[in-house]
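K.L.:
Spelled out from the first residue to the last, the chains are:
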Amino acid sequence: MNTRGLLEAILFVAEEPVAAPELAQVLEVPVAQVVDELTAWARDLEQRHAGFVLREIAGGWRLYSNPGAAAYLERFAASPGASRLSQAALETLAVVAYRQPVSRGQVSEIRGVDCERTMRTLERYGLIAEVGIAPGPGSPILYGSTELFLEKLGLNRLSDLPPLAEHVPPADVVEALERPFRPEASSSESTN
Amino acid sequence: MNTRGLLEAILFVAEEPVAAPELAQVLEVPVAQVVDELTAWARDLEQRHAGFVLREIAGGWRLYSNPGAAAYLERFAASPGASRLSQAALETLAVVAYRQPVSRGQVSEIRGVDCERTMRTLERYGLIAEVGIAPGPGSPILYGSTELFLEKLGLNRLSDLPPLAEHVPPADVVEALERPFRPEASSSESTN
Amino acid sequence: MSYEVKTEVFEGPLDLLLTLITQHKVTVTDLSLTDLVSEYVAYLDRIAHLDMEITSEFLLIAATLIQLKARFLLPDDEPIDIDEELALMEERDRLLARLLACATFKDVAAVLGHRLGANQQFLPRTLGLDMDFPDTLPEVHIRVDARGLARLADLAFAPPEIDPDLDHLALDLPSVPDAIDDLRTRMAGMMRSEFDRMISHCDTTLEVAAYFLALLELARWGIVGVNQDHRDAPIMLTYEGTP
Numbered sequence: 062m063n064t065r066g067l068l069e070a071i072l073f074v075a076e077e078p079v080a081a082p083e084l085a086q087v088l089e090v091p092v093a094q095v096v097d098e099l100t101a102w103a104r105d106l107e108q109r110h111a112g113f114v115l116r117e118i119a120g121g122w123r124l125y126s127n128p129g130a131a132a133y134l135e136r137f138a139a140s141p142g143a144s145r146l147s148q149a150a151l152e153t154l155a156v157v158a159y160r161q162p163v164s165r166g167q168v169s170e171i172r173g174v175d176c177e178r179t180m181r182t183l184e185r186y187g188l189i190a191e192v193g194i195a196p197g198p199g200s201p202i203l204y205g206s207t208e209l210f211l212e213k214l215g216l217n218r219l220s221d222l223p224p225l226a227e228h229v230p231p232a233d234v235v236e237a238l239e240r241p242f243r244p245e246a247s248s249s250e251s252t253n
Numbered sequence: 062m063n064t065r066g067l068l069e070a071i072l073f074v075a076e077e078p079v080a081a082p083e084l085a086q087v088l089e090v091p092v093a094q095v096v097d098e099l100t101a102w103a104r105d106l107e108q109r110h111a112g113f114v115l116r117e118i119a120g121g122w123r124l125y126s127n128p129g130a131a132a133y134l135e136r137f138a139a140s141p142g143a144s145r146l147s148q149a150a151l152e153t154l155a156v157v158a159y160r161q162p163v164s165r166g167q168v169s170e171i172r173g174v175d176c177e178r179t180m181r182t183l184e185r186y187g188l189i190a191e192v193g194i195a196p197g198p199g200s201p202i203l204y205g206s207t208e209l210f211l212e213k214l215g216l217n218r219l220s221d222l223p224p225l226a227e228h229v230p231p232a233d234v235v236e237a238l239e240r241p242f243r244p245e246a247s248s249s250e251s252t253n
Numbered sequence: 073m074s075y076e077v078k079t080e081v082f083e084g085p086l087d088l089l090l091t092l093i094t095q096h097k098v099t100v101t102d103l104s105l106t107d108l109v110s111e112y113v114a115y116l117d118r119i120a121h122l123d124m125e126i127t128s129e130f131l132l133i134a135a136t137l138i139q140l141k142a143r144f145l146l147p148d149d150e151p152i153d154i155d156e157e158l159a160l161m162e163e164r165d166r167l168l169a170r171l172l173a174c175a176t177f178k179d180v181a182a183v184l185g186h187r188l189g190a191n192q193q194f195l196p197r198t199l200g201l202d203m204d205f206p207d208t209l210p211e212v213h214i215r216v217d218a219r220g221l222a223r224l225a226d227l228a229f230a231p232p233e234i235d236p237d238l239d240h241l242a243l244d245l246p247s248v249p250d251a252i253d254d255l256r257t258r259m260a261g262m263m264r265s266e267f268d269r270m271i272s273h274c275d276t277t278l279e280v281a282a283y284f285l286a287l288l289e290l291a292r293w294g295i296v297g298v299n300q301d302h303r304d305a306p307i308m309l310t311y312e313g314t315p
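Chains as they are written, first to last, in the working numbering: chain A, 62 to 253; chain B, 62 to 253; chain C, 73 to 315.
Worth double-checking, as some hints may not be accurate.
As the list claims (entries may be wrong) - Quick look at which bits of chain B chain C covers, simulated, 3 or more residues with Cβ under 8 Å:
(1) 76-86
(2) 149-159
(3) 204-216
To be verified - Have a look at the derived ranges for each label pair, beta carbon to beta carbon:
(4) E157/C - V192/A: 56 to 62 Å
(5) R166/C - E227/A: 57 to 63 Å
(6) T91/C - E227/A: 32 to 38 Å
(7) D275/C - E191/A: 36 to 42 Å
(8) E236/A - E157/C: 54 to 60 Å
No wet-lab data here; the hints were simulated from the structure. Even for Gly, the Cβ is constructed at its ideal location relative to N, Cα and C.
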């Protein structure tokens with residue numbers, strides 16, 4: 062079996078993304094060759110509209126079913142993916158992902174609500190995890206996102222997250238947010 | 062995606078052999094066409110010494126890793142990335158460790174998902190093992206943790222496991238979990 | 073006894089403020105601080121039973137809003153305490169910064185949610201090595217230590233659907249509507265009083281805050297008249313009767 066075949070065999074059984082250097086070590090070939098083979102294979106699969114695709118994700122490579130077949134797969138796949146996260150869980154996840162390492166208190170402060178429950182849910186889903194202890198009073202636990210988080214979002218690395226700056230509300234919204242807090246705004250009141 | 066692609070996708074995610082008539086029904090094509098496609102695909106894989114093979118087995122079709130890659134798969138299995146336990150497996154392991162002896166059904170009930178596969182994986186890795194049979198209907202097998210489990214966690218004995226201090230389940234949850242095993246069952250519940 | 077743990081629509085005071093403001097951006101041209109404060113307080117009235125932490129956060133922000141409103145309503149020729157003014161503006165800027173951060177994370181959360189959803193269409197193979205693969209037991213790596221395992225067990229035994237904090241909920245939290253009723257009844261009986269006397273029975277700051285909010289409402293409705301000679305003077309209340 063050639064290198065391509067062996068890579069197919071390994072990624073066929075792999076249960077999470079496998080990094081190219083690890084594959085190179087198992088196969089005793091240069092990392093560059095592994096990367097070349099994988100890149101070519103991924104392109105082949107894409108070009109012939111195969112039933113599965115090869116993606117570089119969470120710092121490694123993994124095979125996935127082709128999303129085009131999703132409608133047909135419901136009956137055959139054991140795990141239809143994590144249940145949908147609530148809005149609160151998504152917002153908490155966003156704060157942890159962008160502010161990590163971050164303590165529960167800091168997350169709660171940013172969101173304006175206590176986030177213990179949602180953070181526990183996210184931890185249970187394996188999307189966030191304890192990553193350290195903050196120095197200082199109370200030594201709060203610090204949280205960060207996990208590799209599974211990257212995989213579930215289809216990202217290769219954390220820096221692939223959409224830049225937060227792009228999501229700051231546009232000028233007109235900022236303007237609307239500020240308006241009630243400006244002294245001029247209340248001058249035109251005639252009631253009371 | 063054509064029929065071949067859809068067949069690839071289905072057999073890629075299927076966890077058990079799938080019969081040709083079932084595939085034909087899902088894809089809404091004649092059984093004969095499905096069989097032709099599968100036969101051709103199996104031959105293709107064989108001819109190009111692919112990393113996985115398609116076999117007709119137990120009245121259905123299923124993909125297997127190519128036995129020719131066995132030596133490398135073993136090496137891969139021993140590599141650090143391969144044999145890391147998934148989040149689901151870790152949680153299942155935690156439940157078995159703290160609730161042993163425990164049946165598969167009880168573990169599934171606690172986790173809220175079917176744990177058959179993760180428990181088989183853990184058993185295969187030698188981290189949990191059958192420790193007895195529960196009395197009562199169905200005589201379910203009871204599982205517990207192994208010596209290897211203690212060794213891997215660097216513990217001398219089970220009682221060295223850290224106590225579950227943080228989130229002791231509320232009394233009503235414990236009650237609900239234990240109820241089916243108590244003869245007097247739900248006779249005297251009338252709180253609130 | 074029944075109580076609500078979650079607010080009807082809003083998740084916390086920032087979420088509420090954000091919604092009130094952005095809703096108005098669509099419907100009305102300008103939202104004045106006065107309207108914002110009354111809508112905020114009106115909402116506060118409806119969520120009488122919340123856990124302590126959320127309630128105090130709600131009240132804290134209400135206090136800031138009311139302070140701001142009071143300041144803006146001052147006539148221009150009124151002398152201003154610079155330190156107080158600065159502190160108040162700092163508080164306002166902090167609130168605005170929090171609102172902005174909250175809006176930003178809400179926006180990006182939607183993107184993450186979308187990505188999560190789209191990626192669920194990609195199914196990985198989860199079978200791993202074929203079960204009939206050679207008997208050799210590969211060396212398994214447990215990537216957590218004993219403490220980590222205990223943590224996982226904790227999480228598994230306390231599923232997120234069940235709120236273990238219910239037991240510690242203080243159920244007799246200060247209710248603004250109750251405070252309004254109480255204040256109104258007692259004021260009707262004595263016609264004139266000081267605010268300090270009306271709250272002499274309160275044990276906690278939260279209760280005082282509830283009474284203060286109640287007082288603002290009663291004043292707004294014209295049921296109670298409020299007068300304070302100077303900043304440190306007692307707040308004098310007069311009963312004006314039903315409007």
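K.L.:
Look at each hint and say if it fits the structure.
P.N.:
Going down the list of hints, with the structure as the test:
no., hint, verdict
1, 76-86, "violated (count 1)"
2, 149-159, "holds (count 7)"
3, 204-216, "holds (count 4)"
4, E157/C - V192/A: 56 to 62 Å, "42 Å, violated"
5, R166/C - E227/A: 57 to 63 Å, "24 Å, violated"
6, T91/C - E227/A: 32 to 38 Å, "22 Å, violated"
7, D275/C - E191/A: 36 to 42 Å, "38 Å, holds"
8, E236/A - E157/C: 54 to 60 Å, "23 Å, violated"
In this structure, the earlier hints numbered 1, 4, 5, 6, 8 are contradicted, and the remaining ones agree with it.
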